[in-house]
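Visitor: Use the sequences and the hints to build the structure in full.
Residues per chain, in single letters:
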Amino acid sequence: MINYFIILLLLLQTTSSFASSKDQIKKIYLERFVMFIEWPYEIKTFNMCIYDDRKFAKSIKKSYKKNLFNGYPLKVKSIKKSDEEIDISECHIFYMRSTDDIEIKNFKNIGTLLISDNYDDIYEGCMISFYQDGKKSRFVINQKNLNDANLKVSYKLLDFAKVIDPIGESYVK
Amino acid sequence: MLNRFSITSQMIVSSVITSFIIVFLGMSFNIWYSVNYEKKSFLSQSSLESELISDMLAAPLAFFDKDGINENLQRLKYHHDILNAVVYSIDKTLVSSYSIKGSKLPLKMSKIGIGFTGDNSWVPWKFGILKNTVEIKQHSQILGYLSIDKNTDKLTLFIIDYVKNSLYLLLILIYLVYLTSRILSKKILQPVLILSQTAKKISQTKDYSIRVSHDAKNEITSLYKSFNMLLAETQDLTHHLESRVQVRTKELQESLDTLKFTQKQLLESEKMAALGNLVSGVAHEVNTPLGNALTGGSIIMHETKILLRAIDSGEIKKSTMMDGLNTLNKSAEVLLISIKRAADLIRSFKRISIDQTVEEKQEFNLSSYIEEVLVTFHNKLKKIPVEVTIKGDKNLIIRSYPGVFAQIISNLIQNSLIHGFEGINRDAIIVINIHIIDDKFELTYSDNGVGMDKDIEAIAFEPFSTTKRNKGGTGLGLNIVYNLITQKLGGSVILYTNKNEGVKYKMLLPLNILNKNQEEEEL
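Top line first, the protein sequences correspond to chains B and X. At position 105 of the first sequence (counting the first as 1) the number is 105 in my numbering, and the numbers step up by one without a gap. At position 271 of the second sequence (counting the first as 1) the number is 271 in my numbering, and the numbers step up by one without a gap.
Rather than coming from a laboratory, the hints here were simulated on the basis of the structure. It is possible that some hints are incorrect.
Unchecked claim - Once the Cα atoms are required to be at most 25 Å apart in a straight line, the calculated DMTMM-like pairs of lysine to aspartate or glutamate come out as: (1) K162/B x E372/X; (2) K340/X x E360/X; (3) K26/B x D91/X; (4) K136/B x E51/X; (5) K137/X x E42/B; (6) K27/B x E371/X; (7) K77/X x D55/X; (8) K135/B x E71/X; (9) K137/X x D120/B; (10) K22/B x E71/X; (11) K152/B x E135/X; (12) K488/X x E303/X; (13) K135/B x D65/X; (14) K152/B x D100/B; (15) K136/B x E71/X; (16) K136/B x D67/X; (17) K66/B x D91/X.
Claimed, not checked - According to the in silico footprint, chain B covers these stretches of chain X (three or more CB under 8 Å from chain B): (18) 132-143; (19) 177-185.
Note that this is a predicted model, so its numbers are computed, not measured. Ideal placement from N, C-alpha and C gives every residue a C-beta, glycine not left out.
Guide: Pasting the structure below:
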């Protein structure tokens with residue numbers, strides 16, 4: 001575990017330029033989000049939908065083929081830009097690698113965690129957005145959006161992350 | 001020890017000691033309870049604190065944010081009693097740490113749990129360092145460990161302060177109890193003290209007319225009432241005591257007179273009995289010489305008739321005349337000797353009988369006088385037979401009451417004959433010894449008879465104690481002996497005896513015995 005931790009730290013601090021490394025971190029981050037967020041219903045198999053990054057979807061699928069995803073069997077669905085109709089009702093996580101061609105506000109759904117790689121999407125209805133702080137990958141949380149989707153986030157995560165639209169002032173960082 | 005103090009002091013001391021014990025025990029329990037409560041509270045608070053810190057560390061640790069971990073650990077600087085905190089990864093390797101200046105980080109992670117390092121210390125208020133290691137986890141998933149070392153000075157100071165304040169409170173309470181019991185004991189004991197002072201005053205002044213009064217209606221009133229009643233009775237008794245003493249004295253005097261009269265009568269009876277014995281002895285002793293004298297007289301008469309008849313016939317020869325005269329002469333000698341013996345015996349009996357009835361002091365040779373007394377027992381002594389020996393100073397002449405000595409020796413010989421030598425199958429011996437000791441003389445009478453057992457010896461001198469009551473014994477013999485020696489002669493007597501070893505009476509008597517009545521008359 002510690003070795004893994006050290007590698008990740010090194011990756012975070014020194015190899016942010018390598019996209020594959022970033023993806024590796026994000027892959028782990030996605031699992032950690034699940035650890036701190038509570039869904040409104042019982043989950044037996046975790047469905048993760050990846051928009052516009054088939055390669056990443058494949059990588060995640062491979063990583064958790066034999067391992068559980070935070071204790072759940074993981075099912076990964078890759079959604080293409082070209083798909084005419086995007087249905088996220090079955091997705092527990094909808095991770096958007098690019099959002100140029102989609103209207104996020106249209107994806108509001110109870111029990112679906114919307115994650116984007118674009119910081120500004122946090123104001124468009126996204127719940128967690130990654131951003132780059134120097135060499136470090138960080139994320140921002142929109143608590144209101146999470147609340148609207150009936151997703152409960154742990155105070156521990158709120159205390160750690162940057163929070164937009166907090167519910168109650170205690171979590172403002 | 002308390003008995004040396006006044007009743008007020010005793011009450012104050014008792015109250016103070018009792019209160020001290022109760023307050024001390026109560027306070028000790030309170031301290032013990034508070035210390036334990038504070039300790040548990042400290043542990044609980046520390047545990048909660050550690051849980052909160054671990055919660056704050058969960059997310060940074062989950063997202064591998066060392067800066068976030070450090071940032072959270074740095075917040076501990078506001079917790080002044082935390083010495084150090086170390087975050088370990090799930091495989092117990094150090095990830096990040098915080099420590100105040102001078103605090104050493106632990107070399108390895110301590111086991112999960114909370115506890116004081118000084119729990120085994122003999123000083124109860126020293127707890128050492130509080131070590132607490134908790135899991136950093138999200139839901140059931142362990143992310144790492146947090147180990148915190150905490151200073152326990154705060155807890156120690158609290159306990160010391162608490163004990164100190166408790167002791168101050170104890171002292172104040174005891175002082176208050178002292179003041180209260182002093183006031184109350186004065187108030188409560190005042191009636192008792194008044195009673196005590198009054199009793200003391202009465203004992204000094206003998207004034208039984210004094211009375212005590214009390215206005216309350218409690219046990220003291222009853223006590224006062226009883227005390228007053230006692231005083232009234234004492235006053236009444238004191239008032240009538242003199243007349244009652246006179247009545248009692250008169251009654252006692254009458255009883256004493258009656259007793260003396262009875263005693264005198266008894267003594268007279270005993271004396272008469274002794275004289276009776278003496279007369280019977282005289283008759284027996286004088287009978288023999290008188291018989292001999294009678295025989296001598298008869299012979300003289302017979303021989304005289306023969307001689308006269310021969311003279312009348314004119315045929316008397318000189319030889320016949322000489323034989324007759326010789327017979328007459330021998331018979332006259334026998335007659336004279338016998339008459340003289342009878343006269344001697346009668347003289348002795350007369351003297352002893354007079355001595356026993358006339359109580360006048362005379363100078364006499366004690367040994368010779370005793371021998372004369374023995375003569376009156378000649379027949380009885382000869383019958384057993386008993387060998388009587390007088391030893392010691394036979395020339396001792398005393399001025400005393402010979403009749404008393406005759407009574408003493410007679411009673412002792414009677415006892416030897418009746419009790420001592422009854423059924424004895426050895427040579428009976430009586431030894432009388434006279435011995436001068438300074439201005440006194442010792443008269444010892446002993447026989448080798450059957451003696452007395454211890455029960456008889458113990459009551460030998462008591463009146464009416466006899467083993468021959470059925471055979472006419474009065475039980476007064478030795479009592480008379482004792483009274484004559486101690487009262488009449490002013491001496492003392494000790495009896496030594498053992499069963500089958502005879503008796504020995506040791507009498508110590510003054511040489512010059514004065515009659516007390518005479519002395520008083522002379523004065």
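Visitor: Does each hint hold? Answer for all of them.
Guide: Evaluation of the provided hints:
1. K162/B x E372/X: Judged against 25 Å, a Cα distance of about 154 Å means the pair is violated.
2. K340/X x E360/X: The given pair, whose Cα atoms are some 29 Å apart, is violated under the 25 Å limit.
3. K26/B x D91/X: Within the cut-off at roughly 23 Å; holds.
4. K136/B x E51/X: With Cα atoms ~28 Å apart, K136/B and E51/X exceed 25 Å; violated.
5. K137/X x E42/B: holds, 21 Å
6. K27/B x E371/X: Measuring from Cα to Cα gives roughly 156 Å; hence the hint is violated.
7. K77/X x D55/X: holds, 17 Å
8. K135/B x E71/X: Answer holds: K135/B to E71/X is near 19 Å, not above 25 Å.
9. K137/X x D120/B: violated, 32 Å
10. K22/B x E71/X: holds, 24 Å
11. K152/B x E135/X: holds, 23 Å
12. K488/X x E303/X: violated, 57 Å
13. K135/B x D65/X: The given pair, whose Cα atoms are some 13 Å apart, holds under the 25 Å limit.
14. K152/B x D100/B: violated, 28 Å
15. K136/B x E71/X: Satisfied, since the Cα-Cα distance of roughly 16 Å is no more than 25 Å.
16. K136/B x D67/X: holds, 11 Å
17. K66/B x D91/X: holds, 23 Å
18. 132-143: holds (count 3)
19. 177-185: Per the Cβ count (0), the hint is violated.
When each numbered hint is compared with the structure, violations occur for hints 1, 2, 4, 6, 9, 12, 14 and 19.
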